[in-house]
Amino acid sequence: MAVVFERPKSLIDVPTHYCPGCTHGIVHRLICEVIDEMGIEGDTIGICPVGCSVMAYDYFNCDMIEAPHGRAPAVATGVKRTNPDKFVFTYQGDGDLAAIGTAETVHVATRGENIVIIFINNTIYGMTGGQMAPTTIPGQVTQTTPYGRDPELAGYPVRVCEMLSTLTGTALAQRVAVDTVPHIRETKKAIRKAFENQKEKRGLSIVEVLSTCPTNWGMSPVEAIKRLQDEMIPYYPLGVYKDVTAEGGNK
Amino acid sequence: MAKMTVITERCKGCGLCTTACPKKIVSLQKEKRNKKGYFYAVCTDDNACIGCAMCGIMCPDCAIIVEK
Amino acid sequence: MERNLMKGNEALAEAAIRAGCKCFFGYPITPQTELAAYMAKRMHKAGGVFLQAESEIAAVNMVLGAASTGVRAMTSSSSPGVSLKSEGISYLAGSDLPAVIINVQRGGPGLGGIQPSQADYWQATKALGHGDFHLLVYAPASVQEMVDMVTTAFDRADKYRIPAMILADGLLGQMMEPVSFPEISINDYDKSSWAADGHKNKREHHIINSLYLKPDELQKSVYERFERYEKVKAEETDAELYLTEDCDILLCAYGATARVVKSAVNSAREIGIKAGMFRPKTLWPFPVKEVNEAVKNAKCLLDVEMSMGQMIDDVKLAINCSKPVHFFGRTGGVIPTPAEILEEIKKVGGAE
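Protein chains in written order, with our numbering: chain A, 455 to 705; chain B, 30 to 97; chain C, 31 to 382.
No false leads were slipped in.
Now the stretches of chain A that chain B is said to cover, found in silico as 3 or more residues with beta-carbon under 8 Å: (1) 457-466; (2) 472-482; (3) 671-678.
In short, the hints are calculated from the structure, not lab data.
Being a predicted model, the structure only gives us computed values, none of them experimental.
Glycine included, C-beta positions come from ideal geometry on N, C-alpha and C.
The whole structure should be built from the sequences, with the hints applied where relevant.
Have a look at this one:
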């Protein structure tokens, strides 16, 4: 018998600090599978955010840089502009990317920086204990929306892929999910496409991954996957919102 | 001939693998805990495993190795 | 050596390129904008990167990214913009990254004004962001010194892995003076033990980070940094002592203010008052030894600043309040005149 599935080499063999059932681990693995398949670990520099994945530098075996909250796209710009031949990716949560780092996110896209953004949308702030995120769905209960998010008070969620797809510098804006094996396979394909875009200098690629946060949603991991399917996917439709390599380009 | 192996000390007992298995042969047993205190996943029927690796693909902790 | 007439802001930029600065990330703000404009013209031709960022915050974080890969990087701004950069500066310090930050000061607080000021002394020397840390802070008083100090700042930032700041002001930034660019040999510090520039499968992965969740580990990292600070304090202080050997009254001033003070000292000497001047060129580390040397025969001190009195704290601490330290200051963009400083010299007891 031969091994047909195991940990990718560029994912360091240590237990993670993530809660049981947290899908960060799946996305980490997919990024590393792509890095391994493209053979680029030694030429890749990753940027960690502030948030639950703040210690992702302990898991990715490529060189890693910790960015201040929301600033990963700016840090990545500094890395990429001075090291144009390296592969650069940021790994950011919804609070990081779509609240405190909105300006950095929009401008890294409009400049068409040749980097990859992996955007984890789980509709909540995980690390700080479950507060409203810019992507929290109307009606969703969080620590800071105890009666459910009321758009009258707290405004509406940001749909990041839709927004970034309007910018010329964006090469790929695709929303995927990690709730089922077919969707996970789709996610990996999107990540691969994003890294290929970087290789071909096509511009900014963002892969938005609908993810779960069982702990702060107050659910079991299996229930959390169900919520992702029943509530998140209808609000955040999966699909390719912009792909400069495809016919037509836009969805 | 196929086989899935759970690295029991890495398993956090989340149960996502149990939902992914098309043969329904992965389950969280309720007797033995690992050092972190989690009831870890097991394969209940080695002979029925088809080596599709869906359990491993769904696992957030790289706690499953699949051979075929 | 060839001398050109150059604006302070432009001289800072040219000196940075000559000191091996490979990238500049900035954002427009008066009165430092000529620096970015010069970089936009010159940097690409010099084989480097110029990028106008979306904000001061983004600019300093672009510096953090570039510096993480071992590249000499710089950003510049003026007072309100430096406040925005303080987050990134703290992270630079916490990650032990060399970089150069320029502050061409204007009046504050808030939006303040656009005229020269020295009201950011406290910020530069004591509170450039949250946490236990310092920056190397250089205070030029001429366009030539701007050139020389940028060169030194890049070198020492690399040497100690401490970010460095040039604390200039709008007067120096806008002023034109003859300047020369001496041939310099750039020390090539080995960054291979920490730079995150892709490990090429030849070494362990590098992590650039300022997060330590365990208190004893964070304490250890801060202790280690402060050991480096002790070395810096012992080796890197610099000051100009002017007519201090026999002075009865010692004036203390830095940057553009020191030029005005020097005129007042000369005028005082002409009317028989033995005045001298201590001018720190490094604000952190503060030249403690040098000010004590300068003050040894003086009866009192007169600190002059374009602020309500900030450096005066360090002067008092340095001499352990052993002699009276008087203060004269202008703020909000008002520049003190030699005549009013002379009046102050007479008033505080130089003319016994």
